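**Q** Sequence:
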Amino acid sequence: MEEMAEHLILGQEWMLAEQATLDFQYNCVYFGTTYRQSAYWHSHRDVIEYAPPVKLTEDKVSEELCDSYEAVLNEFPDVFHERLRQPTTRLSTHPLDHQQQRRVPLAFIQPTTTLTAAQIDDIEDNKPAPLFDQIKQAQGNSVEYQATRARWHRLHNGQDEATEPWQRTLKNDYTVRDDLIWYTKDNRMALVVPLEFWPRVIHEYHDKIGHPGRDETIDAIRRLYYWPALEAPEDDDIRLTPIPRPDLDTESEADEEEPPAVPVRPATGRTNQVTIEDLPDDDDHEDPRPIQGPQPITGLWP
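Numbering (our numbering), first residue to last: 7 to 308.
It is possible that some hints are incorrect.
As a list, the in silico DSS-like pairs of lysine-lysine whose alpha-carbon atoms are at most 30 Å apart [claimed, not checked]:
no.: 1; residue 1: Lys177; residue 2: Lys142
no.: 2; residue 1: Lys191; residue 2: Lys142
no.: 3; residue 1: Lys142; residue 2: Lys214
no.: 4; residue 1: Lys133; residue 2: Lys191
no.: 5; residue 1: Lys191; residue 2: Lys214
no.: 6; residue 1: Lys191; residue 2: Lys177
FRET-style restraints, in silico, Cβ to Cβ [stated by the list, open to error]:
no.: 7; residue 1: Gln173; residue 2: Pro205; range: 41 to 47 Å
no.: 8; residue 1: Glu222; residue 2: Asn193; range: 19 to 25 Å
no.: 9; residue 1: Trp233; residue 2: Asp184; range: 17 to 23 Å
no.: 10; residue 1: His159; residue 2: Lys133; range: 18 to 24 Å
no.: 11; residue 1: Arg229; residue 2: Asp128; range: 48 to 54 Å
no.: 12; residue 1: Arg183; residue 2: Ala135; range: 30 to 36 Å
no.: 13; residue 1: Asp184; residue 2: Arg206; range: 18 to 24 Å
Keep in mind that the hints were calculated from the coordinates and are not lab data.
Since the structure is predicted, the reported quantities are computational estimates derived from the model, not experimental observations.
A virtual CB, placed ideally from N, CA and C, is assigned to each residue, including glycine.
All chains should be built: construct the whole structure from the sequences, respecting the hints.
**A** Take a look at the structure:
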């Protein structure tokens, strides 16, 4: 019994100090294949305390009770702390289970980065403006567009006469509102895009949304933006037909062209015949229809 009592208590201590202090004590009391363990966790955030270690003396342990932990608990209720009866106490039948159930020390947890209000405001201030606002700012700061707005005002005030085609186009198809030039033809109002922003607009409306077709991209851009080189998509009934548009006034060779003929499938049209001759004789072949001498083999190729 003395040798057994010497091996009842087994303890190990770990001390880690970085952001918190970890003090883990395992006091295992073996009864056959079962044991009890107790641990202390101290940190600046929380304190989790399990049942304190209890040392059993020789007169309180008998060989008949070594097979059952519950029997010892019922026989000696004054020996074990009341917290052992709580569900937070861990019971295990394997001495290595405590390595899997061990909590991660606070010192091993990476701290979460918390942004201050000043850092959040700095990120919001440095965030790029929407593309529409960038185009408006670029048009307002452009010297060429400032001169175009001045010409538009002179044409509408009667200071200049619209004698040139570009002057009539500027007067009739464009308007100036909020110090910006807008395209107002065909009962729509679209912001005129400077030259350096054309690739940006195409990238936003084409590359970033899954590469739609050409006509779909142009139609989406025309709802909000405009530049002279932006071609309007044709109607579906005109775009899909191979016949030139009948409403063209100018006569050309294209007006007399016919739609291309539909290609004929090879199965119903011309086929190529390949003949293989000079094949070897096969007198020993057991097939009821063996190849006897040169036999032509034909094949149809598309």
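**Q** Next, verify each hint and record whether it holds.
**A** Hints versus structure:
Using a Cα cut-off of 30 Å, the hinted pair lysine 177 and lysine 142 holds, with the two alpha carbons roughly 21 Å apart. Among the hinted pairs, lysine 191 with lysine 142 is consistent with the structure: their alpha-carbon atoms are about 20 Å apart, no more than 30 Å. The straight-line distance between the Cα atoms of lysine 142 and lysine 214 is roughly 21 Å, inside the 30 Å bound, and the hint therefore holds. Between lysine 133 and lysine 191, the direct Cα distance comes to roughly 35 Å. Violation of the 30 Å bound is thereby established for this hinted pair.
For the hint linking lysine 191 to lysine 214, the alpha-carbon distance of about 28 Å falls within 30 Å, and the restraint holds. Of the supplied pair hints, the one linking lysine 191 and lysine 177 holds, its CA atoms being roughly 11 Å apart against a limit of 30 Å. With their beta carbons about 30 Å apart, glutamine 173 and proline 205 fall outside the hinted range of 41 to 47 Å. A C-beta distance of roughly 22 Å is found between glutamate 222 and asparagine 193, which places it inside the suggested range of 19 to 25 Å.
At roughly 19 Å, the beta carbons of tryptophan 233 and aspartate 184 sit within the given window of 17 to 23 Å. At about 35 Å, the CB distance of histidine 159 to lysine 133 disagrees with the hint of 18 to 24 Å. At about 35 Å, the beta-carbon gap between arginine 229 and aspartate 128 misses the expected band of 48 to 54 Å. At roughly 20 Å, the beta carbons of arginine 183 and alanine 135 sit outside the given window of 30 to 36 Å.
Range check, aspartate 184 to arginine 206: about 21 Å between beta-carbon atoms, so the 18 to 24 Å window is met.
Checked against the numbered hints above, the structure violates hints 4, 7, 10, 11 and 12; every other hint is satisfied.
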